[in-house]
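Chemist: Taken in order, the sequence shown gives residues 1 to 448; the numbers are from UniProt numbering.
Since the hints were derived computationally from the structure, they do not count as laboratory data. Hints are supplied without guarantee of correctness; some may be wrong.
As the list claims (entries may be wrong) - Lysine-lysine pairs mimicking DSSO-like chemistry, simulated, CA-CA at most 30 Å apart:
1. K368 - K335
2. K265 - K224
3. K372 - K357
4. K265 - K323
5. K239 - K323
6. K265 - K368
7. K335 - K367
8. K335 - K208
9. K113 - K142
10. K142 - K57
11. K396 - K357
12. K239 - K110
13. K368 - K423
Stated by the list, open to error - Between beta-carbon pairs, the in silico distance windows are:
14. K423 - D322: 16 to 26 Å
15. T240 - P219: 54 to 64 Å
16. S439 - D412: 20 to 30 Å
17. E314 - E60: 20 to 30 Å
18. M132 - L338: 39 to 49 Å
Quick caveat, the model's predicted, so the values are computed rather than measured. A virtual CB, placed ideally from N, CA and C, is assigned to each residue, including glycine.
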Amino acid sequence: MAISNVWLMKKSFWILCLCLLCLSASAQQLTITAAEKDSVVERVVALLEQNYIFPDKAKEMGKYIRSQHMQKAYDQVNNYQQFAAVLSSDLQKTHRDGHLNLKYSPGLVKMLKSWKSASEPGPEVMQEHLRMAERNNFGFTKVERLPGNIGYINFSQFFPVSEQARQTVAAAMAFVANTDAVILDLRYNGGGHPEMVQLVMSYFFDEKPIHYNSIYDRPRNTTKEYHTLAEVDGKRMPKTDLYVLTSSSTFSAAEELTYNLQSLKRATIVGETTAGGAHPVQPFIVNDQLVLDIPVARSVNAITQTNWEGTGVEPDIKTEADKALLQAQELALNKLLLASTDAQDRALLEWELQHVKSELQPVQLDKKVMSKYAGRYGERLVSLQGNELYYQQKGKAQRRLIPITDTIFRIDGLPHLRIEMVKDASGNVRKLLELQAGSSFNEFARSN
């Protein structure tokens with residue numbers, strides 16, 4: 001059974017929705033007979049040879065699972081869930097493809113059968129799909145302005161482009177439109193629809209369409225080209241510095257956006273090498289219990305004439321995923337600082353850069369050093385509690401001090417304020433400076 005073109009490259013999202021809808025119908029285990037194993041193996045082999053994007057690899061995979069079956073490797077497998085998992089594992093042993101998967105889901109089979117002659121899912125499923133997309137804010141989990149006038153967008157999934165989705169994208173882009181740099185966080189984005197990739201990407205180019213990717217569909221022997229859009233809602237940011245965060249979990253359409261921007265030299269990629277899935281997938285019914293997700297197409301980048309399948313996207317700046325945001329902030333602030341000629345702007349950028357660097361490389365102070373800082377400075381009190389210093393202004397709550405250098409501290413919860421301990425020639429702490437962003441300060445002499 002082949003589903004129509006609406007499935008092409010949109011499968012990951014739809015299959016996720018369908019699996020969620022059909023989960024309850026797939027929960028119980030079902031025994032599989034020897035005859036059913038024979039039938040499943042032959043059906044999987046036939047589907048792969050007819051549809052998998054690389055015919056030679058399809059033959060290799062089919063030959064391997066047939067051989068395994070003939071050698072009785074599956075004789076001890078007695079239920080459908082386990083059989084699906086073992087066959088999927090064996091297919092991956094022959095040819096690694098993150099999108100290729102055999103799964104036990106009788107509920108999904110039933111639903112797919114109901115669509116056999118339809119070009120789109122029914123209205124009930126479409127409504128459920130839209131409801132899910134809305135509840136997930138069309139993949140936009142966080143949009144904010146970071147210190148230093150850096151825009152940040154955390155994007156978890158590429159949902160289909162509906163009118164509501166288009167409005168959400170426009171709102172997110174409008175929020176960061178006046179920032180001096182933008183960070184797209186795709187570290188935990190598992191993919192989705194190519195049209196959403198196209199829409200998001202278009203905001204970072206001018207109006208002239210640019211061909212960036214094509215998708216070749218083997219069963220239909222067709223190729224679809226993708227270009228940046230000539231029209232988007234709201235302001236474009238073609239000159240804004242752009243950074244993309246990745247991890248080993250970044251997959252499929254999220255990798256495509258990353259790869260496109262990198263190949264066009266439009267963004268700096270920061271983080272880990274991505275998962276390596278570039279093959280659009282289509283679901284096929286194996287029998288009343290099993291569905292085989294087969295990669296039927298492949299992406300061909302317009303610049304490189306290849307893709308990221310199996311290799312992932314290599315970041316320009318390699319770092320652990322949990323440090324990628326700070327690393328991108330440091331890169332952005334450094335670049336903005338180099339370009340700035342305004343003294344006030346430079347002072348603010350240096351202030352934020354110092355903060356980011358202290359988080360990337362935390363300063364550890366000896367307890368003996370910290371004990372020398374503890375004391376009263378006019379109406380300011382510095383106290384040592386355990387292994388941490390705390391700062392308290394008269395009549396206000398105490399706040400933890402976080403060292404930036406041996407003598408300068410951030411105040412937890414007060415990003416605009418810092419303190420500096422000033423020593424005399426003998427190394428004794430004589431006063432405390434309250435520093436504010438932009439270089440102004442207040443001075444307090446030590447009183448004990």
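Chemist: Against this structure, judge whether each hint is valid.
Modeler: These are the hints, each one checked on the structure:
Distance hint between K368 and K335 is unfulfilled; the C-alpha atoms sit about 38 Å from each other, more than 30 Å. A distance of roughly 23 Å separates the Cα atoms of K265 and K224; the hinted pair therefore holds under the 30 Å criterion. Using a Cα cut-off of 30 Å, the hinted pair K372 and K357 holds, with the two alpha carbons roughly 25 Å apart. Distance check on the hinted pair: K265 and K323 sit about 23 Å apart at the alpha-carbon level, within 30 Å; holds.
Proposed proximity of K239 and K323 is supported: the alpha carbons are some 26 Å apart, at most 30 Å. Under the criterion of a C-alpha separation no larger than 30 Å, the hint pairing K265 with K368 is inconsistent with the structure, at around 50 Å. For the hint linking K335 to K367, the alpha-carbon distance of about 36 Å lies beyond 30 Å, and the restraint is violated. Restraint check for K335 and K208: satisfied, since their Cα atoms lie roughly 27 Å apart, inside the 30 Å limit.
Simply put, K113 and K142 have alpha-carbon atoms about 38 Å apart, too far for the 30 Å limit, and the pair is violated. Note on K142 and K57: the hinted pairing is violated, with a Cα-Cα distance of about 41 Å set against a maximum of 30 Å. With a C-alpha separation of about 28 Å, the suggested pair K396 and K357 falls inside the 30 Å cut-off, and the hint holds. A C-alpha spacing of about 50 Å is found between K239 and K110, which places the hinted pair above 30 Å, so the restraint is violated.
As the CA atoms of K368 and K423 are separated by approximately 15 Å, the hinted pair is consistent with the 30 Å bound. A hinted range of 16 to 26 Å is violated for the C-beta pair K423 and D322, which are about 35 Å apart. Remark: the range hint 54 to 64 Å for T240 to P219 is contradicted by a beta-carbon distance near 40 Å. As the Cβ distance of S439 to D412 is approximately 22 Å, the hint placing it in 20 to 30 Å holds.
A C-beta distance of roughly 27 Å is found between E314 and E60, which places it inside the suggested range of 20 to 30 Å. Between M132 and L338 the C-beta distance comes to about 44 Å, which sits within the given range of 39 to 49 Å.
Figure legend: structure checked against the earlier numbered hints; hints not met, in rising order: 1, 6, 7, 9, 10, 12, 14, 15.
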